[in-house]
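Asker: Going down the list, the protein sequences come from chains A and B. Following this note's numbering, the numbering of the first sequence begins with 1 at its first residue and continues without gaps. Following this note's numbering, the numbering of the second sequence begins with 1 at its first residue and continues without gaps.
Mixed in with the good hints there might be a few duds.
[Stated by the list, open to error] Computed Cβ-Cβ distance ranges for the label pairs, DEER-style:
(1) Glu230/A to Glu403/B: 52 to 62 Å
(2) Ala363/B to Ser120/A: 28 to 38 Å
(3) Glu72/A to Leu350/B: 55 to 65 Å
(4) Leu295/B to Ser120/A: 41 to 51 Å
(5) Gln361/B to Ala119/A: 20 to 30 Å
(6) Ala371/B to Arg60/A: 52 to 62 Å
(7) Arg12/B to Asp124/A: 14 to 24 Å
(8) Ser63/A to Ile289/B: 53 to 63 Å
(9) Leu295/B to Gly18/A: 37 to 47 Å
(10) Glu403/B to Ser63/A: 19 to 29 Å
Source of the hints: derived by calculation from the structure; they are not laboratory data. Every residue, glycine too, gets a C-beta built ideally from N, C-alpha and C.
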Amino acid sequence: MSTAAIEVTGLVKTYRLGDVLVEALKGVDLSISPGEFLAVMGPSGSGKSTLMNILGCLDRPTSGTYRLDGEEVGGLSRDGRAILRRSRLGFVFQGFNLLSRLSAMENVELPMIYDGTPASARQDRALSALASVGLADRAPHLPSQLSGGQQQRVAIARAIVNTPAMILADEPTGNLDSATSGEIMGIFQRLNDERGITMVLVTHEPDIALFAKRVIRFLDGRMVEDRPVENRHRPPAPRETAV
Amino acid sequence: MNLYSAGKVAFRSLRANKMRSILTMLGMIIGVAAVIIMVAIGEGANQRISAQIASVGSNLLLVLPGSTTSGGLRMGSGGAVTLTMSDARAIGKELPSVRAASPTSRSNGPVVYGNQNWTTVLQGGWPEFLEMRDWNVVSGRNFTEQETEAAAKVCLLGQTVSDYLFGSEDPVGKIVRVRNSPFTVVGILDRKGQNPQGQDQDDTVVLPISTLQKKLSRGGRPGTAGAIMVQAVDADRVKEAEEQVIELLRQRHRIGQGGTDDFTVRNLSEMLALAESATRIMSLLLGGIASVSLLVGGIGIMNIMLVSVTERTREIGIRMAVGARERDILSQFLIEAVILALTGGAVGILLGAGGAVLTSQLAGWTTVISASAVFLAFGFSAAVGVFFGFYPARKASRMDPIEALRYE
């Protein structure tokens, strides 16, 4: 069997809130294969965001191991994790998190600025990433000139521009209407199908989770359910440019 | 992230907050302009003093008579006539460290030409006197050795005297009456301006000391010297010359061990060096006070950068999430601070230079904008930018990406 994309064992994360120790994750074991499309569900406070932060190398586990593509990354330094984020991971957030003063194009260029890609290559790659989410004609627009769905697609373009192995999406449709949500999920499915990018999606909408191939459910810092998705949602044929 | 991209990012965010950036820079602008103006004024004063020092003549010693004890009463310096022409001659001829010596005597009196008269200083000396004081004859000639021997009635006019008596007429060869004796004007002296005490050095008539004493009965008995001016061979040997002059005069005046000198040797360049160091201290002081405003400008930058870091917490979080390392964030904010400081510094230099020119025109002060002051101010503003930008930039770079992303 090939190496798992993600392999976590005995993952524990505790926070100190004032004098109280909060156990956000109480020993999680999880294995995600390359090319998988995983939805993480659970009520707020169940630890799913904490898991995402650790999987996204934004945070470090208190104990336990985290292997990304077979490489132990739980103990990496801040800079080590930053390099990992920009080269192997892509993020999509609920609030889009685009820089409001930069154009769509420049937002997509951002991860490449930090890895030193030359300016000309940067623009080519940013444009083709925008094209793959159907926004090539919106490149010079500021986020404020785009609809929510368009902004989220810019964010997806930014996430894929460095050809990551995995995209972590934290409630990506939380601020979108259902039609737009379907479009966004369709894009994720295409990226997963056609490019083999591993998808990890946090959501609390069961509808959205149906776009995934596998669903896990969290409660009080523990994984309580892990099942494949039956009757997987398939969005209507993509209206936009093909991936 | 390379420097160019970092600079571009920094520049954009400064432009996004134009008013704030300009106000922040204003602190630096005022600080740097103040430093430039103050140093320019200080330098100007310094240069004026140096010019005055040069106008007195270089490497000069002045031997003054005096401090004789007469009946238990110690006379002050210059209180008695103890110096003679032969002292001056001996100093000039016998001492290896001395280039020239000349007795001098001063008096004053009216000088008349036609229907104009002017009371001025009558300065007696030997022909060497003018050269020792670096005083050029602009028209005509100096008086000669022979004229000194013969106590000839010849004189040279300072510019001020020449202006008052002759106006635009050429005085050379004309006869003036000095204390009612007819004198031939043989030369006109170059303009020297004020001495460090503020006296007009051009308000004088220079004539042979023998003429002053014998023909005008002024400036002491013939053969005595009111003072002796001594010029050392070069600046390094002024001290040596001073010692040798003292030694020689003690011998000549037969002053034994423990006896009190009946003369005093003053080192003129030393006195003037003192004046020079006083102005230097003044200009340092001015520069120092102005530097305080530079410091205040720097604190302004730090203040605004701290506000900016807090405001842009979310931006920092996003940049970190897409892979910015600590040093990327650090350099972004540091470069912003340095751009603020340097732009402020550059504008301040221009403003300061303009202010210095204006000061010299309005107040009539000499101001000198030195390249070193400009470079120093520019370098100092860069340093201020780095120093005061570092803390906010570090704060930004140390943020927790999760916290930063959550920040509203």
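Asker: Going back to the hint list, which numbers does this structure go against?
Answerer: 1, 2 and 5
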